[in-house]
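Protein chains: 4
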Amino acid sequence: MMNEECGVVGIASRNPVSVSIYYALRAIQHRGQESTGISVFDSTLCRIKTHKSMGLVERAFGSRDLDKLKGNIGIGHVRYSTAGGSRIENAQPLTISTQFGEISLAHNGDIVNADALRAGRKKEGWAFTTETDSEVIVRLFAGELSQTKDPVRAMARVMRQISGSYSLTILVGNRLFAVRDPNGIKPLCIGKLPSGSGGAGSGAINGASGGNGGGGYIAASESVSLDLLGAELVMDVQPGEMVEITADGIAGSIIAPGAPRAHCMFEYLYFARDDSVIDGRLAHEVRESIGERLAEEYPVKADMVVPVPDSGRTYAIGYAKRSGIPFDEVLIKNRYIWRTFIMPGQEQRDINVRLKLNPIKGLINGKRIVLVDDSIVRGTTMRRIVNLVRSAGAKEVHVRVGCPPIVSPCYLGIDMHTVDQFIAAGRQIEEVKKEIGTDSLGYISIGSMVKAVGLGNSLCVGCLTGKYPVPPPDNATPRKTKQKCI
Amino acid sequence: MMNEECGVVGIASRNPVSVSIYYALRAIQHRGQESTGISVFDSTLCRIKTHKSMGLVERAFGSRDLDKLKGNIGIGHVRYSTAGGSRIENAQPLTISTQFGEISLAHNGDIVNADALRAGRKKEGWAFTTETDSEVIVRLFAGELSQTKDPVRAMARVMRQISGSYSLTILVGNRLFAVRDPNGIKPLCIGKLPSGSGGAGSGAINGASGGNGGGGYIAASESVSLDLLGAELVMDVQPGEMVEITADGIAGSIIAPGAPRAHCMFEYLYFARDDSVIDGRLAHEVRESIGERLAEEYPVKADMVVPVPDSGRTYAIGYAKRSGIPFDEVLIKNRYIWRTFIMPGQEQRDINVRLKLNPIKGLINGKRIVLVDDSIVRGTTMRRIVNLVRSAGAKEVHVRVGCPPIVSPCYLGIDMHTVDQFIAAGRQIEEVKKEIGTDSLGYISIGSMVKAVGLGNSLCVGCLTGKYPVPPPDNATPRKTKQKCI
Amino acid sequence: MMNEECGVVGIASRNPVSVSIYYALRAIQHRGQESTGISVFDSTLCRIKTHKSMGLVERAFGSRDLDKLKGNIGIGHVRYSTAGGSRIENAQPLTISTQFGEISLAHNGDIVNADALRAGRKKEGWAFTTETDSEVIVRLFAGELSQTKDPVRAMARVMRQISGSYSLTILVGNRLFAVRDPNGIKPLCIGKLPSGSGGAGSGAINGASGGNGGGGYIAASESVSLDLLGAELVMDVQPGEMVEITADGIAGSIIAPGAPRAHCMFEYLYFARDDSVIDGRLAHEVRESIGERLAEEYPVKADMVVPVPDSGRTYAIGYAKRSGIPFDEVLIKNRYIWRTFIMPGQEQRDINVRLKLNPIKGLINGKRIVLVDDSIVRGTTMRRIVNLVRSAGAKEVHVRVGCPPIVSPCYLGIDMHTVDQFIAAGRQIEEVKKEIGTDSLGYISIGSMVKAVGLGNSLCVGCLTGKYPVPPPDNATPRKTKQKCI
Amino acid sequence: MMNEECGVVGIASRNPVSVSIYYALRAIQHRGQESTGISVFDSTLCRIKTHKSMGLVERAFGSRDLDKLKGNIGIGHVRYSTAGGSRIENAQPLTISTQFGEISLAHNGDIVNADALRAGRKKEGWAFTTETDSEVIVRLFAGELSQTKDPVRAMARVMRQISGSYSLTILVGNRLFAVRDPNGIKPLCIGKLPSGSGGAGSGAINGASGGNGGGGYIAASESVSLDLLGAELVMDVQPGEMVEITADGIAGSIIAPGAPRAHCMFEYLYFARDDSVIDGRLAHEVRESIGERLAEEYPVKADMVVPVPDSGRTYAIGYAKRSGIPFDEVLIKNRYIWRTFIMPGQEQRDINVRLKLNPIKGLINGKRIVLVDDSIVRGTTMRRIVNLVRSAGAKEVHVRVGCPPIVSPCYLGIDMHTVDQFIAAGRQIEEVKKEIGTDSLGYISIGSMVKAVGLGNSLCVGCLTGKYPVPPPDNATPRKTKQKCI
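Protein chains in written order, with my numbering: chain A, 16 to 501; chain B, 16 to 501; chain C, 16 to 501; chain D, 16 to 501.
These are computed hints drawn from the structure, not numbers from a lab. Don't take each hint at face value.
Since the list gives no way to pick one copy over another, a pair counts as held whenever it fits inside one copy or between any two copies.
To be verified - Lysine-lysine pairs mimicking BS3-like chemistry, simulated, CA-CA at most 30 Å apart: (1) K85 - K138; (2) K64 - K85; (3) K164 - K410; (4) K336 - K482; (5) K371 - K83; (6) K348 - K371; (7) K382 - K164; (8) K85 - K482; (9) K448 - K382; (10) K376 - K348; (11) K207 - K371; (12) K207 - K348; (13) K376 - K83; (14) K336 - K348; (15) K448 - K85; (16) K376 - K207; (17) K371 - K64; (18) K371 - K410; (19) K164 - K138; (20) K316 - K85; (21) K336 - K371; (22) K316 - K449; (23) K207 - K410; (24) K316 - K448.
Please read these numbers as outputs of a predicted model, since none were measured by experiment.
Extracted from the complex, chain A is given alone in its bound form (with noise of 0.2 Å):
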């Protein structure tokens, strides 16, 4: 299982914001449930007030805490990290007082070169209070904008800096700013804010003056926070672009222009929620699309097309669509289950798995099923939800993978950093095949999915061929800042 490393938001707007930056982040709970936070300034202390919490949004703010950050400017963060760094004081937005004041951040994304930055400005005698790629970022700005005076600039000269993706919502003091790394490998959009009492958004929660129907504008990591609020989707923020939003507009240039478009494409694949438009299109469409396009590369003559809930389900409609073959749910998933992991031993796994998911005996007993998902990362939940369907009486077990073959780290943003991770990795499809215990498997190719995405070029596919747009840090193993011990 992959997992998206943030999500971000930000909001400017003639009403107070604290609501409606937190039903945004509900939207995007799917990109990080490990920790949240909400930054607003507050322009009656002229300070920026910053609420952070683990878990997940619903959770952490109730309606007093959203109640107390007031002010009609602010950003939002949701996060999730891997096992090591789950800590509040690693929670965002990340805020620094400086001589302008002081400065907020959320980041999605993963800086390539921040261990060497980090090093190089210790050199120089900075120290640093975290060992977050956000405060990599922020301190740089903060420098470079004491320099430069102007956000602006001092952005410009941080990205030429920063090597990696990136997606930004800051504030600077009152001032928001939407920012997208060169190649826009992590997406972000802006919407415009419905105005009037009846704008989406404009309740408060436990009669709270938080709310909005003040208009204004909105940056957010997808599309669905839009959604929510009532809010017009207006433009994706460019690769390279930064974008200042205010209550009354939105203002944006080009300031790292030059480096090739690179959407990371497990987005339209896995992270983005099925209804999220990035980039101009909708994942929804893609997965289907990619469906009809397995169907195509791989038919095979079956009783029944199954999706794995919820993740293969719109990839497997399109199958069936273009196939023929009848549609079915009869993986049943198991709604309340969180934790299943704790539990260790071989047979406790295969116990967590049909915990999760239950195969309709009756209906798979004797049929030749087709089985989709949107991935194959390591094999191992695949593996024993083939054996599940055998179990089940199955008479073939065909496979088919709406992502092509991972066979390479990604250093941007995912949490896949070692190739001995991969089942495709060094491995024949056949052999895969054979240890996934299928009867047929079929990726969908490279190319079909690139088509099946619409964007030509401008995608990332480093982890399905090692090539990436931005050089891989120089270790090329998990980054971890280590100090030399004397």
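For this one, chain A is given, so just place chains B, C and D on it according to the hints.
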């Protein structure tokens, strides 16, 4: 939204059962999320040990809790309840001590004459320590047991007194029984657990010694508990039957004969998991068949069949199959929403519907949509969803409903106690259509629904017709024990 | 360390009582920290409402909880219990419903023949839902009430059956009673609450409407609850007396006459707060007087009288006064220690003693110390303290103890159930002295202690003599309901 | 009520130190209950590992947490803070990473010119991630370190810049330092830990491998931490001194010489534990001596000397000794009161005083009472206590106070920031007497207090005289970083 009131489990094995009961309860977690509990007979202490807790099974039990519940025979319970009674004191199983040892009971259902029975016994000097139906049953049972000395004869006497729905698992000291009411209203099935180390559910949690692999038998509200443990479905407990369950076998007898079968049709349509087999019929098949029949009864020219996720999906698949209209999932569910109801105000409720469900505008815009769901109770949610789909640009919205119009309260275990909550009560379909704001509205007919279930007249359809298998309580309003204020 | 098992409260007023009960319970929090509860009769609902929770009173009740407990008459309880039974199910008050309405009971004490009574009733077909003595009492009471229709006559019958210690506050519907066992073993006093806005306890919590100022009467385990609420001590409930308490007055009658008074001497010596007046005698005075008598019985040449804080302080003040040796506090208590017992290993226990108590070396070094404490049970703590004082350089350590040697178990409400835990059981004083490692050891004599209490033979000194006011249970071992394993 | 702001610890040993630091922190828990943390240098990872948490030390650390903090050298901190800043982000130790590795700092005190320093550095382009003084110190230190490459020279430079009170323990990679400000305002002492298995603190928690017995040295805010671990008090860190601490020894040098000693007299009078020895003087002796001098300065004919528990006890003992008036404890403290302040309203506060303190009427009635406490700040609590004692029937109430009248704010580490909170500021003693409602009022004179402390002019008495050892901040109001709102 309706809610089932509880699920029960009972297991006898040659190995410890607490871990197996834990898993069996997780499989039926959908039947109640308020509280849960497990009781096992500890033959070393010669006592019944119980662990109860508020909340989900996965949070209620740690591996230590399960380790402490040592014993090869036990019962379990998950509980749903209406607001007022959300207290640990009401959690089940309920254990009492008598001259014959301890008795522990888990109950799914509703005793219609509980108040009358309670009042009657009070007049004889009895005192009750809880307000639950379960205490009425177990106390009556203990009373009869002291007379008859035999659990089966005692329960037969109890069943002559109590009226209503009840599926029970009972520990009488170290003996386990499963009981189903004379009409068989609530489901209860029995399975044979696998023996040997390869047995499902054999693993222990965190190395706990629990686990299984010791064979034996299980009784559970739904067959999905059996599936999870690798158990084979042996039989449904028959209406009026009491079955003794041991590690070596089962022995049942009909102790309350003569009542007509009246299986709750709502189990097939909404409560039970899609993959449950109840009294021989698979819920998934029933639902898909109803979808097909809906397509026959209410055909319409449209571009897309869209389920209300997750409850309408199987119906929609059936409707799409029969009608030939393409199935697509264009209402996207946010999987991270637990609480929304805490926020008052109309606009809040609107945003909360959208928080849960987002329509994909790009695919809905200009289309004729057939919206399929399992049932309509109050109609408020459906009205909001129709509104949502229209606001996404649908040209037409046609609603198809898998359950016939609900017009009468349920006194037998479903949380629908008052007539005035039903949008279909006292209204013509045409009026409901207007209320909901749809272009056409088709409820499945009772006849077709009954055919789809396939059990003939063996169904309780009281909520559709007002005719119940057992007489409703005297006052025919939500029961609530009251004491006279002198 | 010994621990008292519970404290009770009951209040009737013309104003709501929940806040006053809350305060009254906080005043006797030392009598039990495991769980707490309040029951009030809500005359609008004509029902008894109860809130129970684990832990301290201040954490168990928020202002909302108290607001919800609307009613002008109610009872409360704090509970201590031995490890096994630490569960919310055992928290009090215990409420049952009967033909005459609801009955709620709070109990301090121990029913010696509870098992026998329980067994007897089970033979008649009764079933019990808890394992508490309280259920035995309240169920017997309900049974007798159904015969006599009169609470006083019913309780008189109950008191002829139960044997042991019990101070009770009882709600019978909207009537409040206070009851004390025939020997008056556990304390229970009655006070008159102030009327008018200036009344103590009149304030509400967080603006809650609770409060008081409505006059009325209170029953409580210790007079400190009365002090806190500004109530005037009116009387002690007499041994064998049942008192009805209303907002307007009190009316008592001796319903179990003829037993000799046997007030628990341990209340005076250890359990009760220093400022409590029990049966006319102030604990502080008793303790100081014992200290003085100790100085007479066991004079010694020394430089300093040092209390073991906080329990030995008042004794030490008395000893210092009479002996003329200067009093000083040179064992300093760390006020932030709640848990230490979780850490195993001998060295751990040593550091844990020091964590709680630090000797001031500079003042102890080279001095002859008289160390004064209230009592010695196991002797382990005292041995460690003596060791501590010696390690600080004391030239001599002389121990003086305010309670005569404890040699027999208590079956009447104190957590000392087995003989082998007493260091003084079966040992000469000289041996105990060696065990503890002190230069001299003086226990107050029984005679002097009795004189200091000043109530003549009206004391229970069972733990000192093995002669109890009521016969001990048959097995004379820690009671534990067991069921036969057939 | 005043509150100390923090306590620090540092330990170097040949064995793991986390458990020893844990105990050392528990010994000084009274210096701060808001948050706590421990940092150790893990030589395997070559990194500093930190665990921080809100709340008491005993709740913040489980045995697992301590086990994870592997390392033979480390620091710890307990923090008190004023309301606003109660957040985990402000918990200490604060760790930063630099070119020379990681640096972790624990700080007790207040940097008077922190805002100015912060502003100055911001102008140079620095950015700060917290609002704590500690970040100012550690960042300046890191900056100087990058120039000097030597911790001692770096700290000497820092000390020329910062002004205020500071006792520090610092990890610079795997080196431990203890630093005290040039005036020695806050205490900091050094002890030698015992070697061998018999060493105090050698036990592990729950079998954790931590423990000690490995000898080495400890720095701590108070000597009670040394006592608990069986360490021998070696020296106080001298004003302006920096001491390097290793497992094998200590090496200090005065790096900020020339400032007059100005030990906070409040440590002796209130903050430090009674059993602490600070700069050679035992708090208990100082307090008892002040009590005696109070008896000389303000003799009175009375029946009883009564301490306000627990803070006035030692003073009262001294007063009683010298005056010959009997000492008695007749104000009884409820040991289970943690929160009372949440309840608004005057009457509430009255009941809350009584909740904490109950006067024994029977012993006070008709008596002339000398009430002794350590200090009076606002006077509100003392007025309520006097009132309490009068309402118990005291014929006369004479108040004696161990601290001279407080009339000036403290900028050096004590939570008394504004003049208007002091009852003695701008009032004659006679007026204060009337305010408090006492028959006579005697504050110890500054001269006598100074004599009792016994360190001559080496005291900071700024709060008594308005003359501080370091210049107060420019605005001379409670500091609060503000950013200009453009």
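Going down the list of hints, with the structure as the test:
1. K85 - K138: between (40 Å within a copy, 29 Å between copies)
2. K64 - K85: within (8 Å within a copy, 36 Å between copies)
3. K164 - K410: Answer is neither: 70 Å inside a copy and 53 Å across each miss the 30 Å cutoff.
4. K336 - K482: neither (34 Å within a copy, 44 Å between copies)
5. K371 - K83: Only across copies: K371 and K83 sit 26 Å apart there, 40 Å inside one copy, limit 30 Å.
6. K348 - K371: Both ways: K348 and K371 sit 5 Å apart in one copy and 18 Å across, limit 30 Å.
7. K382 - K164: neither (69 Å within a copy, 52 Å between copies)
8. K85 - K482: Neither: 46 Å inside a chain and 41 Å across chains, both beyond 30 Å.
9. K448 - K382: So K448 and K382 pass the 30 Å test inside one copy only (19 Å; across, 41 Å).
10. K376 - K348: For K376 and K348, both the intra-copy (14 Å) and inter-copy (27 Å) Cα distances are at most 30 Å.
11. K207 - K371: between (40 Å within a copy, 22 Å between copies)
12. K207 - K348: Between. Shortest inter-copy distance 23 Å satisfies the 30 Å Cα cut-off; intra-copy 37 Å does not.
13. K376 - K83: neither (54 Å within a copy, 35 Å between copies)
14. K336 - K348: both (23 Å within a copy, 22 Å between copies)
15. K448 - K85: Cα proximity of K448 and K85: none, with 56 Å in one copy and 43 Å across.
16. K376 - K207: between (49 Å within a copy, 16 Å between copies)
17. K371 - K64: Close across copies (29 Å), not inside one copy (41 Å); limit 30 Å.
18. K371 - K410: within (23 Å within a copy, 38 Å between copies)
19. K164 - K138: For K164 and K138, the Cα distance is within 30 Å both inside one copy (24 Å) and across copies (11 Å).
20. K316 - K85: neither (61 Å within a copy, 51 Å between copies)
21. K336 - K371: both (27 Å within a copy, 27 Å between copies)
22. K316 - K449: within (20 Å within a copy, 46 Å between copies)
23. K207 - K410: Cα proximity of K207 and K410: across copies only (25 Å, versus 53 Å in one copy).
24. K316 - K448: Answer is within: at 18 Å inside a copy they meet the 30 Å cutoff, but 43 Å across does not.
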